[in-house]
Amino acid sequence: MAVNLEVKIGSLTMRTPVTTGSGTFGFGSETKDLVDLSKLGAVCVKATTRERRLGNPPARMCETASGVLNAIGLQNGGIENYILEKLPYLRQFDVPIIVNVPGESPDDFAYVARRLTESGGADAIELNISCPNVSHGLDYATQPHLTAEVVAAVKAVTDLPIIAKLSPNVTDIRPIAKAAEDAGADAISLINTVIGTAIDARKRTFKLANKTGGLSGPAIKPIALLAVYRVAQTVNVPIIGMGGIMNATDAVEFLLAGATAVAAGTVNFVNPLAAIEIADGIADYLEKNGFTDVHELIGAVQ
Amino acid sequence: MIRKRTATIVSVQALAAPGHYVLTFDDPETARDARPGHFIAVGATTPANAGSSILRKPFSIYKVDPDAGLCTILFSVYGPTTSTMALYKPGDKLDFLGPLGGRVFDADPQAAVHHVMVGGGYGVPPLNFLAKTIKAANPSAKVTLIYGARSANLLVGDDGLREAGVEIIACTDDGSLGVKGRVTDGLAPLLAPPILGAGGASGGACVYTCGPTPMMRAVAELCMAHNTPCQVSMETPMPCGIGICVGCVLKKADGTFSRTCTDGPVYPATEVTWQ
Ligand SMILES: Cc1cc2nc3c(=O)[nH]c(=O)nc-3n(C[C@H](O)[C@H](O)[C@H](O)COP(=O)(O)OP(=O)(O)OC[C@H]3O[C@@H](n4cnc5c(N)ncnc54)[C@H](O)[C@@H]3O)c2cc1C
Ligand SMILES: Cc1cc2nc3c(=O)[nH]c(=O)nc-3n(C[C@H](O)[C@H](O)[C@H](O)COP(=O)(O)O)c2cc1C
Ligand code: FES
Numbered sequence: 001m002a003v004n005l006e007v008k009i010g011s012l013t014m015r016t017p018v019t020t021g022s023g024t025f026g027f028g029s030e031t032k033d034l035v036d037l038s039k040l041g042a043v044c045v046k047a048t049t050r051e052r053r054l055g056n057p058p059a060r061m062c063e064t065a066s067g068v069l070n071a072i073g074l075q076n077g078g079i080e081n082y083i084l085e086k087l088p089y090l091r092q093f094d095v096p097i098i099v100n101v102p103g104e105s106p107d108d109f110a111y112v113a114r115r116l117t118e119s120g121g122a123d124a125i126e127l128n129i130s131c132p133n134v135s136h137g138l139d140y141a142t143q144p145h146l147t148a149e150v151v152a153a154v155k156a157v158t159d160l161p162i163i164a165k166l167s168p169n170v171t172d173i174r175p176i177a178k179a180a181e182d183a184g185a186d187a188i189s190l191i192n193t194v195i196g197t198a199i200d201a202r203k204r205t206f207k208l209a210n211k212t213g214g215l216s217g218p219a220i221k222p223i224a225l226l227a228v229y230r231v232a233q234t235v236n237v238p239i240i241g242m243g244g245i246m247n248a249t250d251a252v253e254f255l256l257a258g259a260t261a262v263a264a265g266t267v268n269f270v271n272p273l274a275a276i277e278i279a280d281g282i283a284d285y286l287e288k289n290g291f292t293d294v295h296e297l298i299g300a301v302q
Numbered sequence: 001m002i003r004k005r006t007a008t009i010v011s012v013q014a015l016a017a018p019g020h021y022v023l024t025f026d027d028p029e030t031a032r033d034a035r036p037g038h039f040i041a042v043g044a045t046t047p048a049n050a051g052s053s054i055l056r057k058p059f060s061i062y063k064v065d066p067d068a069g070l071c072t073i074l075f076s077v078y079g080p081t082t083s084t085m086a087l088y089k090p091g092d093k094l095d096f097l098g099p100l101g102g103r104v105f106d107a108d109p110q111a112a113v114h115h116v117m118v119g120g121g122y123g124v125p126p127l128n129f130l131a132k133t134i135k136a137a138n139p140s141a142k143v144t145l146i147y148g149a150r151s152a153n154l155l156v157g158d159d160g161l162r163e164a165g166v167e168i169i170a171c172t173d174d175g176s177l178g179v180k181g182r183v184t185d186g187l188a189p190l191l192a193p194p195i196l197g198a199g200g201a202s203g204g205a206c207v208y209t210c211g212p213t214p215m216m217r218a219v220a221e222l223c224m225a226h227n228t229p230c231q232v233s234m235e236t237p238m239p240c241g242i243g244i245c246v247g248c249v250l251k252k253a254d255g256t257f258s259r260t261c262t263d264g265p266v267y268p269a270t271e272v273t274w275q
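So the protein sequences, as listed, match chains S and P.
Going by the UniProt record's numbering, 260 is the number at position 260 of the first sequence; the sequence numbering is gapless.
Going by the UniProt record's numbering, 64 is the number at position 64 of the second sequence; the sequence numbering is gapless.
Please keep in mind that the hints were generated in silico from the structure rather than gathered at the bench.
Be aware that one or more of the hints could be misleading.
[Claimed, not checked] Computed cross-link-like contacts, BS3-like style, restricted to lysine-lysine with a CA-CA straight-line distance of at most 30 Å:
| # | chain 1 | residue 1 | chain 2 | residue 2 |
| --- | --- | --- | --- | --- |
| 1 | S | Lys288 | P | Lys93 |
| 2 | P | Lys180 | P | Lys63 |
| 3 | P | Lys4 | S | Lys288 |
| 4 | S | Lys32 | P | Lys4 |
| 5 | S | Lys32 | P | Lys93 |
| 6 | S | Lys203 | P | Lys4 |
| 7 | P | Lys4 | S | Lys39 |
| 8 | P | Lys4 | P | Lys89 |
| 9 | S | Lys155 | S | Lys8 |
| 10 | P | Lys251 | S | Lys207 |
| 11 | P | Lys252 | P | Lys180 |
| 12 | P | Lys251 | P | Lys180 |
| 13 | P | Lys4 | P | Lys93 |
| 14 | P | Lys63 | S | Lys32 |
| 15 | S | Lys203 | P | Lys251 |
| 16 | S | Lys32 | P | Lys180 |
| 17 | P | Lys63 | P | Lys93 |
| 18 | S | Lys39 | P | Lys93 |
| 19 | S | Lys207 | P | Lys252 |
| 20 | S | Lys32 | S | Lys8 |
| 21 | S | Lys203 | P | Lys93 |
| 22 | S | Lys32 | P | Lys135 |
| 23 | P | Lys251 | P | Lys135 |
| 24 | P | Lys252 | S | Lys211 |
| 25 | P | Lys251 | S | Lys211 |
| 26 | P | Lys63 | P | Lys89 |
The shape of chain P in the complex, shown without the other chains:
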C-alpha cells in the first residue's frame, strides 16, 4: 500500500563521511510495512515554490524500528533535494510517497547458504536492512557484508551490523582499510570453492548487490561466472517512482523494457542487461 505522507523528522545527523547524513522520521505504518529493497520518493521542493528542480527523488529504507514507529534513510548530498534534506531540523516535515518498489530482496533466512551483501556508496543502506532482517529471522544464518569506497572515511551504512553478527569485509581503493581493491576482489574468494553454509551443511552463496551500476555489473558477472545466484537492486533515475511515467526503465535480457520502480528495483542478475 503506497501512501502519501508528511512525516515528522526526528533527527538529522551528519556522518563522518563528508556530505553524508542519516535522517530519521516518524511514520509507524511505513516502519511496519517496509521490506529490504523498498524505497521512498522524497519531495523536498514543493509545487508552490517550484524552483529549478521539481521531481521527487528516491531513497532506500536503511533502518526501521516498528516498535517506535521510526524509519531511517541515509543520503549523500548531490543536488537540490539532498541539499535541502541536509538542512532539515527535528520537527520539520518530510514529504514522501512510500513504501515504493514492486519487487524487493528475496532471501530465505533458513536456507543453508552464505548470504553475501555487496554494496557501494548509498547502495549499502538497503543491504544493511536486509542483513539485519535475515539475522533477526535466523541468528545462525551466515551473513557477510562486502562494501567498498575510495577511502576508509567514505565507507557508510554498516551501523549495527557487527552487533547483529554480520561479518564485514571492507574494500578500499587506497588500501586505507581492509582489502586494497574493489568489492569484487573481496567477493571472489567467497565464491570458489563452495563454502560451508549454516549448520555445517554444504551450501553456496547467495549474493545481493546495490550500488553504482559499474560495480553491480562487475558483481553480477562474477556471480554468473560462478553459477551463484545474485539479486541486483537497480538505481536508475526514477522521475515518479510509482509507475506512471515509464521513464525509469531497464532493458531486460528478453529485450523488453521494465519499470525499475514498480517491476523492480530488485531483479535476478540473469534478467538484467548492462549498457
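In isolation and in its complexed conformation, chain S is listed as follows:
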C-alpha cells in the first residue's frame, strides 16, 4: 500500500519530508554522478551572500566524538554567481530549491531575497540568522526583536515562503521562534550548529584556525530534538528539524517531536544519497507500523 509522504512548508510542497541541510550538500551539481535531485523533497543549497565571500582560512573542519566541528565562514560566490552559475543546473530537476541566506544587516538579507525573487532563483528562502562562524550572523537569532527585524525586512520584498533558521546557542529558543512567526516567517528550521572548539594536545594549538566552530552530527541530536519539541509547542508554523539525523529512525524521531520535515546534514558527507534513503526509510516505517500518511507521525509524542 502506498503511503503519503508529501508535506507542505508554507506554500511549498515537498514530495518527501526530507531536504538537505544547507552547507552540507553544496549547490547540487557536486553530486551529479551520484544523486538524482528530483528524488529529494527539496534541495537546500549552501549559504549565498550578497557579495562573494572567501571564507575562513584552514583548518576549517575537524572530527570530534560522534560529530564534526566546522568553521567554513560562508565561502560562496555571491548571489549573482549563484544565479548565473549554480541555478541552471538545479533547475534541470523537478525539485523545490531552498536558498540559505545569511547577511550582516536586514538590508543584506532583503537584497539577496529580492534578487532571488526577481530571478526565479528559489522556491523558498531560509534565513540563516544563526551561523556561529561569522560575526553579525549569530547575533540576530539570539534576540527576538532582531530576529523579527530580519524576517520583516525580507517579508517586505518577497512572496516566497520564508524559513527562519534558528540557533541552539541561546538560553530559551521559544521566544525567538515566536518572534519569527509573528514577523511573518512561514516556517522555522532548527537547529543550526552548536558552538564549540577542539584543542590539539600534541601541537598545543586550537584545531581550527578560527578557534571556534559549529558542532554537527549525532553528537547534537538530543539538543536538536528538544529544540524541535519545544518550538513545536510554541508556534503554529511548520518546523524543519535537523541535527544529527543519520538514518530514517532518527528522522522519525524528529517528526514525532513535532517537525513537519527534516534535513539530512552531516550525513551527506558519509552518504550523499542519505536524503533519498531516509525518505524511503520513513515510508517503510509508516507501512510497517500501519500508518498511511506521514502527518500521523508529526508531533505524535507530546
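Following the hints, position chain P with the ligands against chain S.
Below, chain P with the ligands without anything else, positioned relative to chain S:
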C-alpha cells in the same frame, strides 16, 4: 565518474613496516578509471552504528590491475577507520566513494625529462602508481623514486618499481639505508646541474611529490629555487571528498581557497601557499 561502491576485499596483508597494510579489492570500473593521484573515500564506520567517528577517510590508489579488475591501497593505522580496515578479511566489503580527485598528476611520458618522484610515508603509493604508468607508456623514460623515512624498516610503497626499471633512492634519518638525511638531500644533487634526459637529449627534471606537508614544502621550495617544475599532491583532511563541505581547502597563491578534493589534490607547486 564517481561511484558509491561496496566492493569485495580480496586480500589484506601486513607489511614489514609496523602498522602498515596493503588492501586489495575487486572493482573493475575503478581499476579501469583510476589515474595516478586519484583516491577513494573509505567508510569503515556505518551510519547505523555511528560510533565515535562518522566520516569517511581518503586513501590514494596504490596499484590497479585493470585486467583482473583489482585495485590496491596502502595504509598505516592511526584511528578508527584504519584500525577497522586492518581487521578486514578477504570476502569482507569495502564501502567507498571513488575514484575521487579533480586534478591528478599530469606527466608526459614521452617528454625528454627526468621524472623524479619524491615521497614520504603513505605519500609514496600514488607516486608508485605514477612511476609505473610513465614506464608502461614509455619504457625508456628516466624515472626515479626518492623516498624517505626515519629508518629503513619504515620505507613503504616501492613494490614492483625496480622490476619496472625505476631507479630508487632511499633516504633515512638514521642512515640505516641509502642516503643519511632527508629526501631533499637525495633530491638536491639531481636538480643541478641539468641532467641528461631520455634519449640523450638535454632535459631537466620534473618533480612529483606526496607526503607530509613539511616534506612537500621543502621539496617544492627546493624545486622552485632550481626553476624545476614540481607537482604536489596535498593531503589535507577531507571530510567529504566530493566537494560539498568546503572543509578541505588550501590557500592558493592568489589568495583564494581551493577545495583540495575536487580542485586537487594535485597542484603545481607555484599555486600553493604553505602555512
Ligand atoms: C588525498 C589523501 C590521500 C591519502 N592517502 C592515504 C593512503 O594512501 N594511506 C594512508 O594510510 N593514509 C592516507 N591518507 C591519510 C588518511 O586519510 C588519514 O590518516 C585518516 O585520517 C586516517 O583515518 P582514521 O580514521 O584511521 O584516523 P583518524 O581518526 O582520522 O586519525 C586519528 C588521529 O590521528 C591523527 N592522524 C591521522 N592521520 C595522521 C597522520 N598521517 N599523521 C599523524 N597524525 C595523523 C589525526 O589528526 C587524529 O587525531 C590520505 C589523505 C589524503 C587527504
Ligand atoms: C560543513 C557545514 C557547513 C554548514 N553550512 C551552513 C550554512 O552555510 N548555512 C546554514 O544555515 N547552516 C549550515 N550548516 C548547518 C547545517 O545546515 C545543519 O543545520 C547542522 O549541521 C545540523 O545538522 P546535522 O547535524 O545533520 O549536520 C553547516 C553545517 C556543516 C557541517
Ligand atoms: S572534502 Fe569536502 S569539499 Fe573537499
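Here is how each hint holds up against the structure:
no.: 1; hint: Lys288/S with Lys93/P; in the structure: holds (29 Å)
no.: 2; hint: Lys180/P with Lys63/P; in the structure: holds (29 Å)
no.: 3; hint: Lys4/P with Lys288/S; in the structure: holds (28 Å)
no.: 4; hint: Lys32/S with Lys4/P; in the structure: holds (12 Å)
no.: 5; hint: Lys32/S with Lys93/P; in the structure: holds (25 Å)
no.: 6; hint: Lys203/S with Lys4/P; in the structure: violated (35 Å)
no.: 7; hint: Lys4/P with Lys39/S; in the structure: holds (17 Å)
no.: 8; hint: Lys4/P with Lys89/P; in the structure: holds (21 Å)
no.: 9; hint: Lys155/S with Lys8/S; in the structure: holds (19 Å)
no.: 10; hint: Lys251/P with Lys207/S; in the structure: holds (17 Å)
no.: 11; hint: Lys252/P with Lys180/P; in the structure: violated (33 Å)
no.: 12; hint: Lys251/P with Lys180/P; in the structure: violated (33 Å)
no.: 13; hint: Lys4/P with Lys93/P; in the structure: holds (13 Å)
no.: 14; hint: Lys63/P with Lys32/S; in the structure: holds (27 Å)
no.: 15; hint: Lys203/S with Lys251/P; in the structure: holds (21 Å)
no.: 16; hint: Lys32/S with Lys180/P; in the structure: violated (49 Å)
no.: 17; hint: Lys63/P with Lys93/P; in the structure: holds (19 Å)
no.: 18; hint: Lys39/S with Lys93/P; in the structure: holds (27 Å)
no.: 19; hint: Lys207/S with Lys252/P; in the structure: holds (20 Å)
no.: 20; hint: Lys32/S with Lys8/S; in the structure: holds (26 Å)
no.: 21; hint: Lys203/S with Lys93/P; in the structure: violated (36 Å)
no.: 22; hint: Lys32/S with Lys135/P; in the structure: violated (34 Å)
no.: 23; hint: Lys251/P with Lys135/P; in the structure: violated (33 Å)
no.: 24; hint: Lys252/P with Lys211/S; in the structure: holds (21 Å)
no.: 25; hint: Lys251/P with Lys211/S; in the structure: holds (18 Å)
no.: 26; hint: Lys63/P with Lys89/P; in the structure: holds (19 Å)
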